[in-house]
Amino acid sequence: MNESCENFVAMLTDYRWLGPRERAPLDRHLAACERCREEWREAQAADELFTGARAPAPQGFDDAVMSALEPQPQVATNWLWPVLAGALAVEVVVAVALQIDPTPWWQAVKTFCGQLINEWSAPLSGWTLPFDPTWWIGALLLVSAFGWLTLNHRKTEHA
Amino acid sequence: MNIKTTAVERTTWSDEAIVRRVLQGDTPVYRFIVERYQDIVYACAYAITGSDSDAKDAAQEAFIRVYRHLAQFDPSRPLKLYLMRIAVNCSRNISGTRRGWEPLEETSEIVKPADATAPERHAAVRELVERLPQTLREVCALFYFAEHSCREVAEILQMNESAVKVALHLARKKLLTDWRCAYE
Ligand SMILES: [Zn+2]
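Top line first, the protein sequences correspond to chains A and B.
Per my numbering, the first sequence starts with residue 122, numbered consecutively.
Per my numbering, the second sequence starts with residue 10, numbered consecutively.
To be clear, the hints were calculated from the coordinates, so they are not data collected in a lab.
Careful: at least some of the hints might be erroneous.
[Stated by the list, open to error] Residues on chain A that point at chain B, a partial pick, calculated with CB under 8 Å:
#, residue
1, T134
2, E159
3, E163
4, L170
5, A178
6, D183
7, V186
8, Q193
9, Q195
[Unchecked claim] With the C-beta cut set under 7 Å, the calculated list includes, among others, these residues of chain A facing chain B:
#, residue
10, D135
11, Y136
12, R142
13, A167
14, F171
15, A174
16, A176
17, A185
18, M187
19, A189
Small disclaimer: the values here were computed from a predicted structure and weren't measured.
Note that CB positions come from ideal geometry on N, CA and C, so glycine has one too.
Could you put the whole structure together from the sequences, leaning on the hints where they help?
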């Protein structure tokens, strides 16, 4: 057996995994070399021997495995900092927009909010609440962020 | 978490997709991994342990262990190789703890009629595999029953690829000789 035969015999073992490009030189060699052809016949005979010889898993095997499994532990996502950072970013954007937007529409909103707040705060024996809408939007965002975080925390605890 | 999918759709999911879902908490879809590989895992465990009940225990242990360590597994890597490596280890452990079982002796004869039915012939092939020395048995089981390439068998058994090819060559020679003695 020469060196190239050894290479081809090594290829024979994995014949079923070879692509057409790798098979072509092997097939050419087999056509020319009786020794390798003999090896090839043995490999084919073994393949045939094993066809269908695999014993199937016993009945109910999958059920037995599935009944032994615990749920995968779920890692709770830490939402605290992303949510607070998001609320802060929205607050900054709104604050900047309120400062720089001179359109009559914003002016009207500011005046309306101011009147509303003054009317609400009138009965409170002269307390003056801060008027700037930025303050209110910020407070609202923080309250919703904390509310959402609390709910989310409870949900992951129950899961 | 409960996306409506039929069983047929799920069975076409890749291993990677199933593993990702299981890790998200969808435990029941792990069944599709079990159904997909139970026959090959069991067949290899049987070839290594040489007993029905040991093979069943080892194969179940392998699936359960893979499930438990799924969080540490990189889903983009081939699950089958990982599963088979664990299955081989579980089978070795079990057959190592059972003292009663030894490979069948060379002298024990397989007496089978030449006109045996297909199931009889298949059982006889499995019996011949059991007679092989351990390494040849493992290589044979992974190559023929689990349909791995020599490179994959080498990776699973942590062997050199050419050593796998030599082992396969020896196993094949021995099997065919024994088979011809018994049947032809
Ligand atoms: Zn040759």
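Next item on the list: Would you settle whether the hint for A176/A is holds or violated, based on the nearest Cβ-Cβ distance to chain B being less than 7 Å?
Entry: 6 Å, holds
Item checked: Restraint satisfaction for F171/A [CB to CB of chain B, less than 7 Å] -> 4 Å, holds
Notebook entry, point to check: Holds or violated: is there a CB of chain B closer than 7 Å to the CB of D135/A?
Noted result: 5 Å, holds
Check: For the hint on V186/A, does the least C-beta distance to chain B fall short of 8 Å?
Finding: With Cβ-Cβ at 5 Å, under 8 Å, it holds.
Checklist line | Status of the hint placing L170/A at chain B (closest C-beta pair under 8 Å) | finding: 6 Å, holds
Margin query: Given a cut of 8 Å on the nearest C-beta pair, is the interface hint for T134/A held or broken against chain B?
Written below: 5 Å, holds
Item checked: Cut-off 7 Å, beta-carbon criterion: hint that A185/A touches chain B -> 6 Å, holds
Notebook entry, point to check: Once the shortest beta carbon distance from Q193/A to chain B is found, is it less than 8 Å?
Noted result: 6 Å, holds
Checklist line | Given hint M187/A near chain B, where the shortest CB pair must fall under 7 Å | finding: 5 Å, holds
Check: Should the hint that A189/A touches chain B count as held when the rule is a Cβ pair under 7 Å?
Finding: 5 Å, holds
Next item on the list: Answer holds if the nearest beta-carbon of chain B is closer than 7 Å to that of R142/A; otherwise answer violated.
Entry: 16 Å, violated
Note to self: Given a cut of 7 Å on the nearest C-beta pair, is the interface hint for A167/A held or broken against chain B?
What the structure shows: With Cβ-Cβ at 4 Å, under 7 Å, it holds.
Hints 2, 11 and 12, counting from the list given before, are not met by this structure.
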